[in-house]
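Since chain A is already given, all that's left is putting chain B on it; use the hints.
Sequences listed follow chains A and B, in order. The first sequence runs contiguously to residue 117 in our numbering. The second sequence runs contiguously to residue 117 in our numbering.
Some hints here could point you the wrong way.
As the list claims (entries may be wrong) - With a Cα cut of at most 25 Å, we get these calculated DSS-like pairs of lysine-lysine: (1) A/K85 to B/K60; (2) B/K42 to A/K49; (3) B/K42 to A/K60.
Unchecked claim - Here's a subset of chain A near chain B, in silico, CB distances under 10 Å, partners left out: (4) D16; (5) A79; (6) K85; (7) L95; (8) I106; (9) G107.
Source of the hints: derived by calculation from the structure; they are not laboratory data. Model, not experiment: these values are computed from the prediction. We treat Cβ as the ideally placed atom computed from N, Cα and C, and that holds for glycine.
2 protein chains.
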Amino acid sequence: MDIGVYDDYEDYEEVEFIAKSDKRYIVLVIYDIVDNKKRNRMVKCLERYGVRVQKSAFEAYLSKKKYEQLMKDASRIIDKETDSLRIYLLANNTSVRSWGIGDKHIEDVIIF
Amino acid sequence: MDIGVYDDYEDYEEVEFIAKSDKRYIVLVIYDIVDNKKRNRMVKCLERYGVRVQKSAFEAYLSKKKYEQLMKDASRIIDKETDSLRIYLLANNTSVRSWGIGDKHIEDVIIF
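If we strip away everything but chain A, and leave its shape as in the complex, we get:
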């Protein structure tokens, strides 16, 4: 049923990230990787730390140690000449709105 021009826009989920502890980090990892093998290796790497929210985006909720390990592990996988890796350390009260299909979300796994 078409209920108006704004119905699609209004059909979103909203989540606010609030870390339960000062010692935990909320992290978003996004990447562009040209080579299929390296890209698969990145997926396998990031699955150990967090949850996949898009094809090349993962969210994770980590201790400082794990956060640092993630940066080391992930940065070694990419080809610095052709690929890009960006790791956002999200501050408390960051929020996200999402439309369309969703993979598992971090909030399904971690209770903040």
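Chain B in isolation, oriented as in the chain A frame:
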């Protein structure tokens, strides 16, 4: 010159986002879009608001009005059955580390 096992890891840029004004929003948009035409339309849409930091990731620094308009414009482009759109409203003091190639960064365009 190979100076050790950590040299790749250490070779990153780090940026901290700090909005100059309470009235401005720092936004990260990421998407997975199956259809090429829709994906191109998304790129054209987001280029009007911010800067491309990866193939399917844009950062923008916006007024509330523009932020709301961006959400409306972008959410209408995707196919809700097959695609995903996530718009992060980044809190102050969010930081990002990046490795590898970089497109233009938001900090090249906006002086915070």
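The hints, checked one at a time:
1. Under the criterion of a C-alpha separation no larger than 25 Å, the hint pairing A/K85 with B/K60 is consistent with the structure, at around 15 Å.
2. Distance hint between B/K42 and A/K49 is unfulfilled; the C-alpha atoms sit about 30 Å from each other, more than 25 Å.
3. About 19 Å separates the Cα atoms of B/K42 and A/K60, which keeps this hinted pair within 25 Å; it holds.
4. A cut of 10 Å between beta carbons decides the hint on A/D16: the least distance to chain B is about 7 Å, and the hint holds.
5. Because the smallest distance between the Cβ of A/A79 and any Cβ of chain B comes to about 8 Å, under 10 Å, the interface hint for this residue holds.
6. Nearest Cβ of chain B to the Cβ of A/K85: about 5 Å, under the 10 Å cut. The hint holds.
7. For the restraint placing A/L95 at the interface with chain B, the shortest Cβ-Cβ distance is roughly 6 Å, inside the 10 Å limit, so the hint holds.
8. The beta carbon of A/I106 is positioned within 10 Å of a beta carbon in chain B (closest approach about 5 Å), and the interface hint is therefore held.
9. A hinted interface residue such as A/G107 counts as satisfied when its beta carbon comes closer than 10 Å to some beta carbon of chain B; here the least separation is about 6 Å, so the hint holds.
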